[in-house]
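Residue numbers (our numbering), protein chains in the order written: chain E, 1 to 496; chain W, 1 to 496.
Among these hints, one or two may not hold up.
Stated by the list, open to error - To give a feel for the contact side, a few chain W residues facing chain E, derived at Cβ under 7 Å: (1) His-17; (2) His-103; (3) Arg-121; (4) Ser-167; (5) Arg-231.
Source of the hints: derived by calculation from the structure; they are not laboratory data. Each residue gets a CB set at the ideal place from its N, CA and C atoms; glycine is no exception.
If you want the building blocks of each chain, they are given just below.
Protein chains: 2
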Amino acid sequence: MRFAKLYDALIYDPKLHPERTHATLERFEEVLGIVLGGAAGSHIEKLRETMQGIAPRALLKPTHAEQILAYVDEAGIPTDQVDAMVTHLMYSEISTAEAIEMHEKYKIPVSRLEKDIVPVRGEGCWIMDTRGHWFLDMDSNYSATNLGMANAEIGRGLYNQAETLISMKEDRVQIARTRFLKEIDEMMPQGLDRFYWQNSGGEAVDKAIKLAKVHTQSRDVIAFKQGFHGRTHGAVSVTWNEKYRKPFGLHDEDWVHFAEFNDLDSVAQLMKETDAKIVILEVVQGEEAGNRPADPDFIKGLWETVHQNGGVIIDDEVQAGFGRTARKKGDWFACDAYGAVPDLMVIGKSFGGGYPVTAVVTTDAVSQSAEPGYDGSTFGGNPMAMTAALIAARQMRRLDVTGNVVTRAEQLRAGLNTLAQKYPFMEDVRGLGLMLAFSLGSADRVAQTQDLLREHGVKSSLSTGPYLRILPPTVLSKGEAAQFLTRLEAALDALT
Amino acid sequence: MRFAKLYDALIYDPKLHPERTHATLERFEEVLGIVLGGAAGSHIEKLRETMQGIAPRALLKPTHAEQILAYVDEAGIPTDQVDAMVTHLMYSEISTAEAIEMHEKYKIPVSRLEKDIVPVRGEGCWIMDTRGHWFLDMDSNYSATNLGMANAEIGRGLYNQAETLISMKEDRVQIARTRFLKEIDEMMPQGLDRFYWQNSGGEAVDKAIKLAKVHTQSRDVIAFKQGFHGRTHGAVSVTWNEKYRKPFGLHDEDWVHFAEFNDLDSVAQLMKETDAKIVILEVVQGEEAGNRPADPDFIKGLWETVHQNGGVIIDDEVQAGFGRTARKKGDWFACDAYGAVPDLMVIGKSFGGGYPVTAVVTTDAVSQSAEPGYDGSTFGGNPMAMTAALIAARQMRRLDVTGNVVTRAEQLRAGLNTLAQKYPFMEDVRGLGLMLAFSLGSADRVAQTQDLLREHGVKSSLSTGPYLRILPPTVLSKGEAAQFLTRLEAALDALT
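Looking at chain E on its own, in the form it has when it is part of the complex (with noise of 0.2 Å):
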């Protein structure tokens, strides 16, 4: 058949894309307008009378596509341009229009519909949407996929894994933990390689305190006022947002108490105050505060103040490890960088390199405080969970992401600062490693430079208040960080 490719993009094979349905005229029409452009026009004209009574978002049938088929043969339109026909087809057979409104019609709507971009492909630190654009990643999915929107390499253990052994519960001896534990060790800081799995990052806070609480005897939390640390009751309890928490009636929990950050006398005096013997941390804190990364002075005196007082601190690295905030080479997690080792330390994001894998990772102390029955997990620590946490470790030591992290964090300083030179309203850029941010005065001002930086294909993070947040992957390129200052002073020059 002349197009065979055309039609399996039309008509899916469940054998080869089980993942995949059959396409729509709409999303066919759309796929003509990306490669056509303005040509496309007549072809949808005619196209639409040869396929009468096809509603736009139906699925279409082997009628269809063959109809379809001879549509394109008769008109001539030259096989490269059948060609990207079909690679824009085989990552979306459904248009970007129902893509949307299905989104819109069954979310329950906690948070707001992100439809700007519809990605489809992520290829290193870029991503392709529905329409055929690419942006430049500055923002890895919340620091979720670090390794980039892809990874064939975790593709094909998963499907080894998958036809292999799919799951198991957390509680049950497997392989696929072991080759984990066996390779994991070298990477994590001293004395931390006690390990309870989790699936997401709020779980895995929300466990961290519980392991605290019984491990203390206590009850009380010191969390940080602009940190956040996730949604569960645990953890939303202790992220300092009130709108987060005052809907859920969790505003006003007693063994709550909110310190300034970088303020260790606030801390001391809290630790006076209450029976506190238990503190959550962002090292760099992250969304709230704009990747505001705390002094080096300060985590010393917190670690000593802390333990003194028989106390154990939770580190939460869920957005800043694995190698995001190097400052040397080794450093995978942001506690490595001030030479700190937390009692209690929360992972998960890029860990599993997109899979949802997380854990609570505690020294052999805290571990024996628990007993079993205090807790369960299906899912937590599963095979497929497991090869993904494998392959991604061994990703990041192979691509020796600390060192890069070092290099790029120089590059996109020095570029950051001379842009800030520039421009009176740019200023105080900070963060950690790739965890980066800069002020612009406003978030009015952020938000309108982060829709021209759309423009300019550029994806940053999510940003709150006055300053901007940048999170590449951590695989950046030197090529790829100057490509992002440039457009950034595109943006900025279009802002002013």
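Got chain E sorted already, so can you dock chain W onto it with the hints?
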């Protein structure tokens, strides 16, 4: 090279099997024992002489693998036996003893490590362990692998998705989720078509409670004695067993009230005494109650009482859902079997055929009480999760699991009732669909029977109290159900 396959099983190829590592000598010796039985002893002795100085658990190097190949050749081990060794080594290149020790060394002991079966391979309703023993699976990993422990089709979909787009946060439009939404509608109870995706059952319960609190503008919750809902701060607070709450100071939450299951007066009384407008239940109570189904009258009355009071019902279908509890073909959820639609439903476990994906599902009315900022999720509903859920849902429909559950449940119930007539201590065969249990009079006798079942090659499910629980895959065949009954009879015979 002769025995090239054996070489590939000893020295892994990172391109084909990025999830593996090099084998150890200890595992090779274990595999010799599995394949050659008693004859392995002399080979192991001679091999050790040849391989002097190699630590039993060190990763073999290519030169070591060549030594092993030379030995196998020289010793004249027949090709079919070498092939069998390859099979076992490909499933695990690490010894059972090392796997167990690594888990013991690195686990936070919040649960008891299960090491009686170290699974490496699933096939339909069967599991093979590291020693090559097969077990009939009557547990489905707590109902998380209703479609079996291995799933190549989901694996293929995940591979395709991973090499395209491996992750995307909950609040961005994407194609994998759109594909899922286009197909799932017909499986959901009428009116439940708003989704908030999560990663574990406990997390989804936690978020369902948050949504219910917002919608009812209240915070008191009625849960049930012997109910189980998960382990986060929110989920464990509404879980009955005090052992799961007390260590964390969550045993005395003023917003949680426990009613008697199947006792409408108890609920009505609590609704009078408190401001509770939120009720959470499992329609079939699982692990803490021994698969106890609700009385139809109780469900009818509960729905009326709660709704008359302006309250909402959260139906936790994490273990019961996706066909396990079908009373008739098409009952995808336990509530369907009762003809009752809850206000919020929590789904999980087999939702993704083994992939960690869960959700809160609710009505348009409840959904509209949510506002952007109320929650957020990095991994919830990510493209891999949606791909797994889509393929799992298609498989469930294609295999007519609800129809199969109805037939198999009849067969098993009849068989169990016959056995109950033979063994006087066996009684009260109960449950719904393939969520079955029977009493053996004491927890001790349940434990003994589970040990005997394992000796007879059957893996039963976690059971507390005098009820032995069985939750076989929903794809259980007639022959497998018959085999279970035969093996159970043998176990009960050995018991008495």
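Practice task
Against the structure, test the hints numbered earlier, and report the numbers of the ones violated in rising order.
Solution key: none
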